[in-house]
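*Asks:* Assemble the complex: chain A is given as a structure, and chain B must be docked to it using the hints.
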Amino acid sequence: MIDEGRAIFLQIAESIEDAIVDGSLPEESQAPSTNELAAFHRINPATAAKGVNMLVDKGVLYKRRGIGMFVAAGAQEQLRGERRAAFADRFIDPLLAEARALGLDADDLTTLIQRRYTTTAEGTAR
Amino acid sequence: MSPVIEVQNLTKRYHDTVAVDDVSFTIQEDTIYGLLGRNGAGKTTIMSILTAQNFATSGEVRVFGENPYENAHVLSQMCFVRESQKYPDDALPKHAFETARLFFPNWDQEFAERLIADFQLPLKTRIKKLSRGQLSAVGVIIGLAARARITFFDEPYLGLDAVARQIFYDRLLEDYTEHPRTVILSSHLIDEVSNLIERVLVIDRGKIIMDEATDAVRDRAATIVGDTTAVEAFVADREVLHRESLGRVSSVTVLGTLTAAERASLAAKGLDVGPVSLQQLIVRVTQHAAEAADAAATAAPIDEGALR
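Chains as they are written, first to last, in our numbering: chain A, 1 to 126; chain B, 127 to 434.
Same shape as in the complex, but just chain A (with noise of 0.2 Å):
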């Protein structure tokens, strides 16, 4: 849910991203509306606008005038492209961090990450 000392509009852009990456959310399918977020988050209706209106900005929602917003074609890919672009700052770095402070080596890193990997296919499989 909401977390403290970010900007809520962030937030909520966030967590529409989150299910058109996951596939929950199709792509020329219809996103929540600006009501519906504020009403489900318990924000105010500007704060989820502002949140919906950096996607259509950034191209990844399209307004169908008098229906509402839709996710655009090719929105997963180019959201799943940023998030590979970030992912060693946000996921390896700290992970690196950590193993550094336990004397964990690459090797060790390798070696857990390849068994994890296979335990955790098998049990979230879709």
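Everything labelled a hint here was simulated from the structure, so no lab data went into it.
Even glycine gets a Cβ: it sits at the ideal position worked out from N, Cα and C.
Chain A is nowhere near these chain B residues, computed Cβ spacing over 10 Å in every case:
id: 1; residue: Y195
id: 2; residue: Y213
id: 3; residue: E236
id: 4; residue: F245
id: 5; residue: A416
Not the full set, but computed from the structure, chain B residues with beta-carbon under 8 Å of chain A:
id: 6; residue: I158
id: 7; residue: L299
id: 8; residue: E300
id: 9; residue: N321
id: 10; residue: L322
id: 11; residue: I323
id: 12; residue: E324
id: 13; residue: R344
id: 14; residue: A348
id: 15; residue: A394
id: 16; residue: P401
id: 17; residue: V402
*Replies:* This is chain B only, laid out in the frame that chain A set:
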């Protein structure tokens, strides 16, 4: 969007006390504002003057471009829900609602009835005999159902329990979405209202010390926690709002949004970065303003946490 209220150089003096000290601000149409500040900061005085229930010592107030004093056209479009609203001794809640219905042109009776049910307000008990929370509910119901173009809620929920407050926030947000209007909400429970308010006005000692979009201030400050030497090195050239330490660990709240590079460098040094909620930020900024004022004048003790 256009301003519905314009205030220029407003000052209010009570004998030797300056309650409102030369403030200027505008209130935009169809926006929910949080008017925040400590007790005695001047919030109620400002709201009373805007609704023509009190006189300014000097300065100018315009509501919908007009002077609000004895101006029925303007006053019927404003609703001021006071914390300590007085009602006639033998009045029942239904009398208060009937009066409000006559006075406010946009009054929605169905909505009022729904709110009465939501708040489980007994209609046949004299207002004098209601509990503090039920009394607050009467004001909240009038403020919402009046659907005035500008509604002031001055600490509207004294005695309301957490469930009733959530009902208030939810109904306010729902009804605002369907019927956009200007709402000015004065509150001490800043964290509870921080997601509802689009703009924040913070008043301290009669002066406005913050007038900004709420979202813009959410990442305005951060708390850096870790080894004292490393923390102090990082905060050396920043504006420090608050400082605490325990042994070799320090927690320092600094003003200014951190860049991604700064966050990475903090992480590399093993320092933690914590968010600062709107409430914490306002407490810190208010204390900081007070310290600065005291440093300029004479020293006075600071009452920590009194904003809550």
